[in-house]
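Using the hints provided, position chain H relative to the given structure of chain P.
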Amino acid sequence: MAAYFSSLNPVALWNAAPGGLAQGLIWGIMALGVYISFRVLNFADMTVDGSFSLGGATAVMLILAGYNPHVVLVVSSLAGMCAGIVTGFLHTKLGIPDILSGILTQISLYSINLNIMGKANQAIPVGQVQVYFTSNIRYLGQTIALALVLDVFVVAFIYWFLGTELGSAMRATGINPNMSRAQGINTDSMKVIGLALGNAAVALAGGIIAEYQGFADVKMGQGSIVIGLAALIIGEVLAEALVGKRLNFVVRLAFTIIGAIVYYMVYVFVLWLKFPADDMKLLTAIVVAIFLAVPYLKEKKNNSFSGLARRNAKAQEKED
Amino acid sequence: MLEIRNICKTFNPGTINEKKALDDVSLTLADGEFCTVIGGNGAGKSTIMNAVAGVWPVDTGSIIVDGTDISGLSEYQRAPYFGRVFQDPMTGTAADMWIEENMALASRRGKRRTLRWGVNRKEREEYRKLLKSLDLGLEYRMTSKVGLLSGGQRQALTLLMATMRKPKVLLLDEHTAALDPKTAAKVLEATDRVVNENHLTTLMVTHNMKDAINHGNRLIMMSDGRIIFDVSGEEKKKLKVADLLEKFEEAGGEVSDRMALS
Chain P
2 MAAYFSSLNP
12 VALWNAAPGG
22 LAQGLIWGIM
32 ALGVYISFRV
42 LNFADMTVDG
52 SFSLGGATAV
62 MLILAGYNPH
72 VVLVVSSLAG
82 MCAGIVTGFL
92 HTKLGIPDIL
102 SGILTQISLY
112 SINLNIMGKA
122 NQAIPVGQVQ
132 VYFTSNIRYL
142 GQTIALALVL
152 DVFVVAFIYW
162 FLGTELGSAM
172 RATGINPNMS
182 RAQGINTDSM
192 KVIGLALGNA
202 AVALAGGIIA
212 EYQGFADVKM
222 GQGSIVIGLA
232 ALIIGEVLAE
242 ALVGKRLNFV
252 VRLAFTIIGA
262 IVYYMVYVFV
272 LWLKFPADDM
282 KLLTAIVVAI
292 FLAVPYLKEK
302 KNNSFSGLAR
312 RNAKAQEKED
Chain H
87 MLEIRNICKT
97 FNPGTINEKK
107 ALDDVSLTLA
117 DGEFCTVIGG
127 NGAGKSTIMN
137 AVAGVWPVDT
147 GSIIVDGTDI
157 SGLSEYQRAP
167 YFGRVFQDPM
177 TGTAADMWIE
187 ENMALASRRG
197 KRRTLRWGVN
207 RKEREEYRKL
217 LKSLDLGLEY
227 RMTSKVGLLS
237 GGQRQALTLL
247 MATMRKPKVL
257 LLDEHTAALD
267 PKTAAKVLEA
277 TDRVVNENHL
287 TTLMVTHNMK
297 DAINHGNRLI
307 MMSDGRIIFD
317 VSGEEKKKLK
327 VADLLEKFEE
337 AGGEVSDRMA
347 LS
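One line per chain: the protein sequences are P and H, in this order. Going by my numbering, the first sequence runs without a break in its numbering and finishes at 321. Going by my numbering, the second sequence runs without a break in its numbering and finishes at 348.
Pulled out of the complex, with its shape left as it was, chain H reads as follows:
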C-alpha cells in the first residue's frame, strides 16, 4: 500500500547547520499494516512522516501509494491519499470554525470544491452519528467553534476527520504527545478502534516505547536518519521495553530521558 524507496533528505545543505535527516530509507507497508515508528530526538521519525505527507520534496528517491508514484505531488495534491493527525492539537483543525464545518472540510478531501453550500442536512446527520461514536458529547455541540474544545477532544475530532473519508494511509505524528496520560490512552484506544474497523494502513510515530509495543503489528526503530530495527508479527508481540533500549544502545543511539522515562 505504501512503498518508500531509497529516500534521502538533507536540511540546510552546504551550511554549518547541514543535517542528513533521511539517509537512503526504504520501507514497504502492506495493506492493513499498522506500523509504529520509534527513535530518539533527531532520529528522523517526524522527518519520514513529513516526507510522505509532502511538506517538502525529498532530495532523491520515490514514494508510492497504492501503485501511484506521488513523490512529485505537492502537499495538497497528495492529501487525497492520506489522513493526518499532528502532534499539536491546534494543527489539525480550524479553531475559528464550527465542528460541523471542520468535518465538512475533511469530508471533501480530494474532491473538487464547488460553489455548492458547504454542508447539507444529510451530511449533518451523518456527522452527528460519527461524533456520537466518539462518546465525548460533541454531537450536541456541532455549531460550537473547535477552538473551545480541549486538546484531547480536538485530537479525537482530528482523528475522526482523518478517517471519515477512508485514506489509503493514516499518518499519525506523535498525536498523543501533547496530551495528559489518561487522555492519551483514550485517544490511542480510539485510534486502535478506527484502524481495526476500517482496516487502515497506518504509520504512527511515537516516543513512547510501551505504546509502540502495545499498538500495531509492526515496529521500526530509527537512528541517524536510518531504519535500524524492523520487527513484526509474533516477534513484535514478545518485545519488551528493555529489548528496545538494548537495540537502541547497540546502534550507538543516545537514549533520551523522554524515551527512557515513558
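Pulled out of the complex, with its shape left as it was, chain P reads as follows:
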C-alpha cells in the first residue's frame, strides 16, 4: 500500500492537468451535439459514435492531401451533417425507430470510415504538418485558448439558433410533436435538421481530437455517446447544485462544457491513480448509469409500494 502511494507522483498529475482541460474543452463541443439530439429533440442518437470517427478520418485524410488543418474541420462538420441527415431519413421517411436508425448509420459509418482511410488508422506526419489543435506540451496553451474560443462560438450559435423561429419550432417538436403539427410545424424536417446540426458538432469535435492526438482511428468514436451523455449529465447536476433556480439557457449550455471538462479531469486523475486505461469505458458507463438512476431512485424512495408497506408495518409494530 505504502509502495503504491509513494509511486504516485504529484508532479505528473500537475503536468497532465492541462491536457485534461484541453480534451474536456474539445469534447464539450461533442457533448453540445449530444445535447441537441438527446435533450432538444428527445432523440437518443447513436449515430454519434460513427460521426465522431468520420470527423477524425475526414480531417486526417484531407490534411495528408495537403489541405489547411482549419479548413478540413469545416469539411469534417459537413460530413457529420450528412451522417445526421441519413439517420433522420431512416427515421422519418422509412419509419425505423430512433435508436435503431442511429445504430444503422453508425455501423455503416464503420465501413465508410475504413474506406476513407484505407486502413484502420492514419497518422498526421507531425514533423511536416503544423496543426493548430496540438497536444505538444509547448503549444498546449494555444490549443486550450483556441478550444475555448471555439466553445464560446458553438454555445453562442446554439443559443442563437434555438431562440429563432426555426429553433423554437425544433424545441417544440422535441417536447410535444402533436402540438407542433397542429401549429403547422413539419416535425419530420425539424428532426432531420436537428440531427444534422448535432452530428456536425460531433464530427467537428472528432476532427479536432484527431489533430490533437495526431491520428485518426476507426474506433476512436466508440463509446463517445456515453462520454457525451456523461458530460451532459455531470453538467446538469453541477448546474442544479451551483446555480439552482436562476439557471438560464446560456448557463445550461456552458455547464455542458464544464461537465466535459470535469469528466476529463476525473479521467486524468483516475489514470494517475494507475487505474488501467482499458477499464475507463466501464467506469464511464457506471458513472452515467448512476447519474441517470439517481433521480429515478429518489422519486421511487418517496413513492413506492414497498416503502408504504414498510411504513405501515412500522406503524403497526408501534401500536402493538
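Worth double-checking, as some hints may not be accurate.
Said to hold, decoys possible - Some chain H residues judged to face chain P by a derived CB distance under 10 Å, without partners named:
#: 1; residue: 141
#: 2; residue: 165
#: 3; residue: 166
#: 4; residue: 169
#: 5; residue: 177
#: 6; residue: 192
#: 7; residue: 194
#: 8; residue: 195
#: 9; residue: 201
#: 10; residue: 202
#: 11; residue: 205
#: 12; residue: 248
#: 13; residue: 282
#: 14; residue: 284
#: 15; residue: 285
Keep in mind that the hints were calculated from the coordinates and are not lab data. These figures come from a predicted structure and were not determined experimentally. Virtual Cβ for every residue (Gly too), placed ideally from N, Cα, C.
Chain H in isolation, oriented as in the chain P frame:
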C-alpha cells in the same frame, strides 16, 4: 366554409378488429356556424374531428375549406386553416416552454419559420393584452413554463393560441372533458366569447348533452359512424336533453352513463 363530402374511414381493415368509424359522412358548415357534435362512445365524433384535422388520411371522400380541397394535405400542411383545442390539456401546449414562447409558436401557424428571433418586443406587448383578456393573471407569468399551469389555465391558453391567428375553422375536441365542472363552465364561456367576437366557424365535440344544447347554433348527433340527427336555428333552441335521449334510442344507440348523467 367547411364542407365534408362523403368521407369514409375504416380502422384495421381486414383484421378481426376492423371498425368502420366513418360511414359516408357529409356535413356543410356555413361561415360563422357553431356546430356541436354529440354521440356515444365509438359513434365517430372524435374520428370526424381527426379526419378534418388530418391526423390520418380518410379512405374516400373529400374535405373542403373555404373552397380549397385539403384532403390530400398532411396534418401540418393543413394547420393554417384550423385552430385546435384537444381533450387532454397536455396536448395543446409545449409544457417545457414559456407561455410567450408557446404563443409565438401559435402566432406563426401557417407562416414560414425563419431565422429571425422567435419572439419580439412588439409581439410580447400584444400577447400581454391577449392574456389579460383571459383574466387568469397569466399576463404576469409570461416567462413561466406552461407545465406549471393548471389544466383549466392550459386549456384557456390553448384556446387563445388556437384563435390568435384567425382560423378558417375552430376545432374543439371535448376540450372541457378533463376539467372540473366549474372550470369547464369558465372555459366554455371563454369559448362562446371568442367565437362570437371573431365570428368563427366552429365544430365542437362534446359528450355533455346540456353543453351541446346551450352552445352554438347547430347540433348534430352521431351513431355508428353516421350523422343521425341534424338540427339548427329555432328548432335547436327548443331542444331538451330528453329529446336527445329519445332520438338516440330511436337510432338504436346505447346511451352511455357518461352521457345520461351529464
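Status of the hints after comparison with the structure:
no.	hint	result
1	141	holds (9 Å)
2	165	holds (3 Å)
3	166	holds (6 Å)
4	169	holds (9 Å)
5	177	holds (6 Å)
6	192	holds (6 Å)
7	194	holds (6 Å)
8	195	holds (5 Å)
9	201	holds (5 Å)
10	202	holds (6 Å)
11	205	holds (8 Å)
12	248	holds (8 Å)
13	282	violated (23 Å)
14	284	violated (18 Å)
15	285	violated (22 Å)
In this structure, the earlier hints numbered 13, 14 and 15 are contradicted, and the remaining ones agree with it.
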